[in-house]
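Novice: Here are the chains, one letter per residue:
Number of protein chains: 2
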Amino acid sequence: MSDLSNIRIDGRRLWDSLMQMAEIGGTEKGGCKRLTLTDVDRQGRALFTQWCESAGLTMSIDDMGNMFARRAGQDPSLAPVMMGSHLDTQPTGGKFDGVLGVLGALEVIRTLDDLKIKTRRPIEIANWTNEEGSRFAPAMISSGVFAGAYTRDFAYGLTDADGLRFGDELERIGFKGSEPVGERPVHAFFELHIEQGPILEDEAVEIGVVTHGQGQRWFEVVLTGFESHAGSTPMPRRRDALLGAARVVELVNGLGLAHPPLAVATCGMLNPYPNSRNVIPGQVFLTCEFRHPEAATLDAMEHDLRDGIARIAAATKLEAEVKKVFDYPPVPFDAGCIASVRRGAEAYGYSHRDIVSGAGHDACYLARVAPTAMIFTPCVDGVSHNESEDIKPEWATAGAQVLMHAVLETADVVG
Amino acid sequence: MSDLSNIRIDGRRLWDSLMQMAEIGGTEKGGCKRLTLTDVDRQGRALFTQWCESAGLTMSIDDMGNMFARRAGQDPSLAPVMMGSHLDTQPTGGKFDGVLGVLGALEVIRTLDDLKIKTRRPIEIANWTNEEGSRFAPAMISSGVFAGAYTRDFAYGLTDADGLRFGDELERIGFKGSEPVGERPVHAFFELHIEQGPILEDEAVEIGVVTHGQGQRWFEVVLTGFESHAGSTPMPRRRDALLGAARVVELVNGLGLAHPPLAVATCGMLNPYPNSRNVIPGQVFLTCEFRHPEAATLDAMEHDLRDGIARIAAATKLEAEVKKVFDYPPVPFDAGCIASVRRGAEAYGYSHRDIVSGAGHDACYLARVAPTAMIFTPCVDGVSHNESEDIKPEWATAGAQVLMHAVLETADVVG
Chain A
7 MSDLSNIRID GRRLWDSLMQ MAEIGGTEKG GCKRLTLTDV DRQGRALFTQ
57 WCESAGLTMS IDDMGNMFAR RAGQDPSLAP VMMGSHLDTQ PTGGKFDGVL
107 GVLGALEVIR TLDDLKIKTR RPIEIANWTN EEGSRFAPAM ISSGVFAGAY
157 TRDFAYGLTD ADGLRFGDEL ERIGFKGSEP VGERPVHAFF ELHIEQGPIL
207 EDEAVEIGVV THGQGQRWFE VVLTGFESHA GSTPMPRRRD ALLGAARVVE
257 LVNGLGLAHP PLAVATCGML NPYPNSRNVI PGQVFLTCEF RHPEAATLDA
307 MEHDLRDGIA RIAAATKLEA EVKKVFDYPP VPFDAGCIAS VRRGAEAYGY
357 SHRDIVSGAG HDACYLARVA PTAMIFTPCV DGVSHNESED IKPEWATAGA
407 QVLMHAVLET ADVVG
Chain B
7 MSDLSNIRID GRRLWDSLMQ MAEIGGTEKG GCKRLTLTDV DRQGRALFTQ
57 WCESAGLTMS IDDMGNMFAR RAGQDPSLAP VMMGSHLDTQ PTGGKFDGVL
107 GVLGALEVIR TLDDLKIKTR RPIEIANWTN EEGSRFAPAM ISSGVFAGAY
157 TRDFAYGLTD ADGLRFGDEL ERIGFKGSEP VGERPVHAFF ELHIEQGPIL
207 EDEAVEIGVV THGQGQRWFE VVLTGFESHA GSTPMPRRRD ALLGAARVVE
257 LVNGLGLAHP PLAVATCGML NPYPNSRNVI PGQVFLTCEF RHPEAATLDA
307 MEHDLRDGIA RIAAATKLEA EVKKVFDYPP VPFDAGCIAS VRRGAEAYGY
357 SHRDIVSGAG HDACYLARVA PTAMIFTPCV DGVSHNESED IKPEWATAGA
407 QVLMHAVLET ADVVG
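The listed protein sequences derive, respectively, from chains A and B.
Take 7 as the starting number for the first sequence in this note's numbering and just add one per residue.
Take 7 as the starting number for the second sequence in this note's numbering and just add one per residue.
The shape of chain A in the complex, shown without the other chains (with noise of 0.2 Å):
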């Protein structure tokens, strides 16, 4: 496939593309906040439709919104090469996260464009809902609908912190579509995405291999003690929630410790009630999960979270449940898409090293009903989820490079 190596991307265009997405819902601090299904979802959506519209794309919705903005190809009978990520974001997310995924892909396609350059298979790129997951948990839920592991009724009725229905929000920024979910087919799926870790660029390495995705488990506790007066309730007589929920965010750092050097364990979620100064807290709800690419690790995690769990609860006089919300096992990806990214990265001679995935992605799903891969290219300082996440412009045209390679490879160029 030398020839491709004469085919570059214009990493201007990119960068521009990238800079005008992350005007919609940009923050004061430069980071984006375009949490899913809410107005600045739509307009983000709006813009991109209108991106892949004028590249000629034919653009389909499926029920889930997932977006897919398909290129012809050669022989209209064969399945689709699908490139893509996300456009959500956290709530104070950054300009790169998902969305380098969505608008280098787009950038490919305007490159062959450019070109003229044709395939037998065709092309799509895919914009999928709710990666995050924190506006509705769990994360990934659109890819997990396509690919099978949740059922769109389930989707549909999750619920944000205010109570709103992910169905009904949906339907409210007018991205409901017609097509049903995970009925259409794909030949492979390349995801590009920025590492969201310190190892790349650590290392000087332009371009990571993704052999697989960790694999997370996420859980909900919610601690019941007895809510009183602060000032006159004696400390020996107190069910303090808080004080409960304080041992459970120790426990859960301390099972990150334990599994040095690739698990990680957060609670990144906490609220007390009532929440008031002079109130002792009678409830607290938190959040927890933790990551490790092998299950035996994690069924290990998750005993001495449950078992941590029932004994500060036991000493605390509280009542505690535990819910797992979230969990999949470690995700392989498909050996035959992992050696074309690789061919990629050596076609332009940018230096790679095979890497694990520590955060989710839609990939980690599509690996589950297509041959599946994902190109990570380094972020300063390994910072993600933050307003301040940030990347170099030569990185993400390194990142479009090899996802462009890893494409033609896969979809067949026949001039």
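None of these hints come from the bench; they were simulated from the model.
This one's a predicted model, so the numbers in the text were calculated from it and none came from an experiment.
Here are the simulated DSSO-like cross-link-like pairs (lysine-lysine), alpha carbons at most 27 Å apart as the crow flies:
#1 K323/A to K35/B
#2 K39/B to K182/B
#3 K35/A to K323/B
#4 K35/A to K398/A
#5 K35/B to K398/B
#6 K182/A to K39/A
#7 K35/A to K329/B
#8 K329/A to K35/B
#9 K398/A to K39/A
#10 K39/B to K398/B
Mind docking chain B on chain A? Use the hints.
Specialist: The following block gives chain B in isolation, referenced to the frame of chain A:
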């Protein structure tokens, strides 16, 4: 004053009024949510006004929204004997905290009217604005301004969680009066209140003769780390503000345990930011407060708090800000007023004991400008600041009866 021992308040009428007021902001669990300066607070104030006016009392409102209902005395030149408390509640409050002191006072007036009893001094009922402090911290702000502990403009500038200003909300509900706060003379002040602790009920004592109020110190703590991706930020690189906050909660609990039996220490509010399941919290706001009857112990607790937070911040790579938002010394009540309360209990044969108030009360500020004392009645299981807060009708009756005796003694019955 043996004649007074024949005068009985109407316990049934008092209870009916308590139950009627409880319907305003009444919760499913049988509690009350009548947060200060809200529309339900306005409704509670309107009902109280209606009751006072039909009892022939003269209403005044000062520019902090404090309400005064006056029953004329034989000598209008004399300063009034004042009794009262507050009608606002916690977000998940009960039916009696504060309300018993206001409606108990109303029952005293109604009884005097029934029996056509005249006093030389005028008698007034006070309803103090924002005693709870849960919507606008600090607590007891309006009796505090009345007593000169805070300026009126400081109070007006306080904002709630939604950023609404105290001054604006006071105006919005139509209770910003014309009378300058603090100019009203007070000969003596008596506050009837539920104990909000377990002691009286445990010892089966009917009346608590409150000798002084505990000192209190309230703090706001902000811990700042760095928010980043929960899946791909290795444990050693984290600056997790929630982990630091968890250790502060444990520290504060330890401060309470370190000074038994009277010390209490509580973290009531804790807000992580951005509070998303898969983001390491970059910042946490939390409140803590502690109380003790001796200033020296409060000093020691504050020192250990500041010192402990500094150590925690260093260990977790966080920045810490500690702000003292409320500080008042232990309050000794007036010997004459205390004796008068004790005589009231004896006059009707109620069992009684001296007691320290663990909670703050408007009486603690009134004590700065007038001879003051408090009367405690038991509450079930010592539970308060809770929707299940409960008392027995006979406890309410006993409290109001003792209040009446103390007030009549002080206001000087003339027939």
